[in-house]
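There are 2 protein chains.
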Amino acid sequence: MPSVEHIFANFALHVSLNAEEQRYIQSVLQRKILDKNKLLLETGETCRNLYFVDKGCLRVFNRDKEGLEHNVLFCPENWWAADMTSFSGQVPAYYNIAALETTELFYISYQALEQLYIDVPKMERFFRILAQNGFSLYQRRVNAIISRSAEERYLQFQQLYPKLEQRIAQKHIASYLGITPVFLSMIRRRNG
Amino acid sequence: MPSVEHIFANFALHVSLNAEEQRYIQSVLQRKILDKNKLLLETGETCRNLYFVDKGCLRVFNRDKEGLEHNVLFCPENWWAADMTSFSGQVPAYYNIAALETTELFYISYQALEQLYIDVPKMERFFRILAQNGFSLYQRRVNAIISRSAEERYLQFQQLYPKLEQRIAQKHIASYLGITPVFLSMIRRRNG
Chain A
1 MPSVEHIFAN FALHVSLNAE EQRYIQSVLQ RKILDKNKLL LETGETCRNL
51 YFVDKGCLRV FNRDKEGLEH NVLFCPENWW AADMTSFSGQ VPAYYNIAAL
101 ETTELFYISY QALEQLYIDV PKMERFFRIL AQNGFSLYQR RVNAIISRSA
151 EERYLQFQQL YPKLEQRIAQ KHIASYLGIT PVFLSMIRRR NG
Chain B
1 MPSVEHIFAN FALHVSLNAE EQRYIQSVLQ RKILDKNKLL LETGETCRNL
51 YFVDKGCLRV FNRDKEGLEH NVLFCPENWW AADMTSFSGQ VPAYYNIAAL
101 ETTELFYISY QALEQLYIDV PKMERFFRIL AQNGFSLYQR RVNAIISRSA
151 EERYLQFQQL YPKLEQRIAQ KHIASYLGIT PVFLSMIRRR NG
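As given, the protein sequences belong to chains A and B, one line each in that order.
Per my numbering, the first sequence starts with residue 1, numbered consecutively.
Per my numbering, the second sequence starts with residue 1, numbered consecutively.
Treat the hints as calculated values from the structure; they're not laboratory data.
Virtual Cβ for every residue (Gly too), placed ideally from N, Cα, C.
Please note: incorrect hints may appear among the correct ones.
Listed next, the in silico SDA-like pairs over lysine to any residue satisfying Cα-Cα at most 25 Å (straight line) [unchecked claim]:
{"hint": "1", "chain 1": "A", "residue 1": "Lys65", "chain 2": "B", "residue 2": "Glu152"}
{"hint": "2", "chain 1": "B", "residue 1": "Lys171", "chain 2": "A", "residue 2": "Ile146"}
{"hint": "3", "chain 1": "A", "residue 1": "Lys122", "chain 2": "B", "residue 2": "Asn49"}
{"hint": "4", "chain 1": "B", "residue 1": "Lys65", "chain 2": "A", "residue 2": "Ser149"}
{"hint": "5", "chain 1": "A", "residue 1": "Lys65", "chain 2": "B", "residue 2": "Leu34"}
{"hint": "6", "chain 1": "B", "residue 1": "Lys122", "chain 2": "A", "residue 2": "Glu21"}
{"hint": "7", "chain 1": "A", "residue 1": "Lys122", "chain 2": "B", "residue 2": "Asn143"}
{"hint": "8", "chain 1": "B", "residue 1": "Lys122", "chain 2": "A", "residue 2": "Glu42"}
{"hint": "9", "chain 1": "B", "residue 1": "Lys122", "chain 2": "A", "residue 2": "Lys171"}
{"hint": "10", "chain 1": "A", "residue 1": "Lys122", "chain 2": "B", "residue 2": "Glu152"}
{"hint": "11", "chain 1": "A", "residue 1": "Lys55", "chain 2": "A", "residue 2": "Glu42"}
{"hint": "12", "chain 1": "A", "residue 1": "Lys171", "chain 2": "B", "residue 2": "Asn143"}
Partial list, computed: chain B residues near chain A (C-beta under 7 Å) [to be verified]:
{"hint": "13", "residue": "Glu66"}
{"hint": "14", "residue": "Gly67"}
{"hint": "15", "residue": "Thr85"}
{"hint": "16", "residue": "Ser88"}
{"hint": "17", "residue": "Arg125"}
{"hint": "18", "residue": "Arg128"}
{"hint": "19", "residue": "Phe135"}
{"hint": "20", "residue": "Gln139"}
{"hint": "21", "residue": "Val142"}
Beta-carbon label-pair distances, calculated as ranges [to be verified]:
{"hint": "22", "chain 1": "B", "residue 1": "Gln90", "chain 2": "A", "residue 2": "Lys163", "range": "27 to 33 Å"}
{"hint": "23", "chain 1": "B", "residue 1": "Gln30", "chain 2": "A", "residue 2": "Pro162", "range": "37 to 43 Å"}
{"hint": "24", "chain 1": "B", "residue 1": "Ser16", "chain 2": "A", "residue 2": "Gln90", "range": "18 to 24 Å"}
{"hint": "25", "chain 1": "B", "residue 1": "Arg167", "chain 2": "A", "residue 2": "Glu114", "range": "47 to 53 Å"}
{"hint": "26", "chain 1": "A", "residue 1": "Gly178", "chain 2": "B", "residue 2": "Ala144", "range": "14 to 20 Å"}
{"hint": "27", "chain 1": "B", "residue 1": "Glu20", "chain 2": "A", "residue 2": "Glu77", "range": "55 to 61 Å"}
{"hint": "28", "chain 1": "B", "residue 1": "Arg31", "chain 2": "A", "residue 2": "Ile33", "range": "52 to 58 Å"}
{"hint": "29", "chain 1": "B", "residue 1": "His6", "chain 2": "A", "residue 2": "Leu137", "range": "30 to 36 Å"}
{"hint": "30", "chain 1": "B", "residue 1": "Glu101", "chain 2": "A", "residue 2": "Ile118", "range": "27 to 33 Å"}
{"hint": "31", "chain 1": "A", "residue 1": "Glu101", "chain 2": "B", "residue 2": "Arg31", "range": "49 to 55 Å"}
{"hint": "32", "chain 1": "A", "residue 1": "Leu137", "chain 2": "B", "residue 2": "Arg31", "range": "31 to 37 Å"}
{"hint": "33", "chain 1": "B", "residue 1": "Pro181", "chain 2": "A", "residue 2": "Pro92", "range": "31 to 37 Å"}
Just chain A, same shape as in the assembly:
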């Protein structure tokens, strides 16, 4: 088993786990390495796992009727990733998830998590807070798309994802911001 340092530090943000609880949780965590550009989840599939990014970066995106991709979220180190609606209701996913870099993940299956809630009830607290934070993030994202300028969205992106800009392709950032790569270059020059 590789180091669980990052994921346990993440749990420790909201709950305090004793040694026995930590051992139990470690026993239900699974590990996956996803090559760059590979898909972790495809629209229409059921999202059966909740992922924690230990190293690398994922993107969550959908495809419109014309086949154009729209990035809605990036998940670098220490982020959790899933199609939350698909995972929590075990229904078909609206989003795709793919790796922007070779990505090392921990994950827990839906069934294992349901059992974990029963065996370690304080994990309810952790995932209650995670769900609330996810909701807030998504709401801010939607509001930004509706009511912020491209420039404001770019500055929000920089704030939310420090240093990510240097790691991922310009086209993915432009897609996240809902603008063309050319317009993104222009904004970058103005804010450089």
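Following the hints, position chain B against chain A.
Then chain B, alone, in the frame of chain A:
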């Protein structure tokens, strides 16, 4: 204290509370009656309470730069209402909440709920599931606005809110669907 039948039936959807836990929860619930058209929360205020609609109906809305109102959610009987981001982070609200009818509410303050999580840990489970469901609902709503026709949104509205159509003004439904009242009448005739 008025009957807590509905709110406890709502808790029972996800958790099983013993008599002592029920008494404790009852002791932290507060009650409020809101007159028709009155505001429960205004954009920019911090949402200090989480509300349960016992009778009546709330609407959650925002105002754009031109001052136009956009309804994002209706909360009839047995729905929970808050600006979730504002409540969970105790930060200024993005949304307004107002009564569409005289509305009878139970509510719990942020502090009382934080204490409740400590005293009755199984409430973490209830609100974890509530947060997940709220997230899914919001995501479906956003996706519907982006990728569904007005007619499809109207049919979704009818499905999500059975019989609500007869209770609230046409203009509020049109605002929820993002169309004019005239266009709504046309859709209604086609689906009548």
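| message | Given a hint of 55 to 61 Å, does the C-beta separation of glutamate 20/B and glutamate 77/A actually sit inside it? | response | violated (44 Å)
| field | Satisfaction of hint between glutamate 152/B and lysine 122/A, Cα-Cα up to 25 Å | value | violated (41 Å)
| Is 27 to 33 Å a correct range for the gap between the Cβ atoms of glutamine 90/B and lysine 163/A? | Because 29 Å falls inside the window, the suggested range holds.
| query | So does arginine 167/B sit 47 to 53 Å from glutamate 114/A, Cβ to Cβ? | reply | For glutamate 114/A against arginine 167/B, whose Cβ atoms are near 37 Å apart, the range 47 to 53 Å is violated.
| said: Take the shortest C-beta to C-beta distance between glycine 67/B and chain A; is it under 7 Å? | reply: violated (13 Å)
| task | Could you say whether the range 14 to 20 Å given as a hint is met by the Cβ separation of glycine 178/A and alanine 144/B? | result | holds (18 Å)
| Restraint status (C-alpha distance of lysine 122/B to lysine 171/A at most 25 Å) | violated (45 Å)
| Can the hint on threonine 85/B be confirmed by a CB-to-CB distance to chain A that is less than 7 Å? | For threonine 85/B, the interface hint holds, since the closest Cβ of chain A sits about 4 Å away, which is under 7 Å.
| request: Confirm or reject the claim that glutamine 30/B and proline 162/A have a C-beta distance inside 37 to 43 Å. | output: holds (41 Å)
| task | Given the hint of 18 to 24 Å, check if serine 16/B and glutamine 90/A actually sit that far apart at their C-beta atoms. | result | The hint (18 to 24 Å, Cβ to Cβ) holds, given that serine 16/B and glutamine 90/A are roughly 22 Å apart.
| request: Could you say whether the range 31 to 37 Å given as a hint is met by the Cβ separation of leucine 137/A and arginine 31/B? | output: holds (33 Å)
| Given the hint that lysine 55/A pairs with glutamate 42/A, does the C-alpha gap stay at or below 25 Å? | holds (21 Å)
Violated hints, in rising order: 5, 7, 8, 9, 10, 13, 14, 25, 27 and 30; the structure is consistent with all others.
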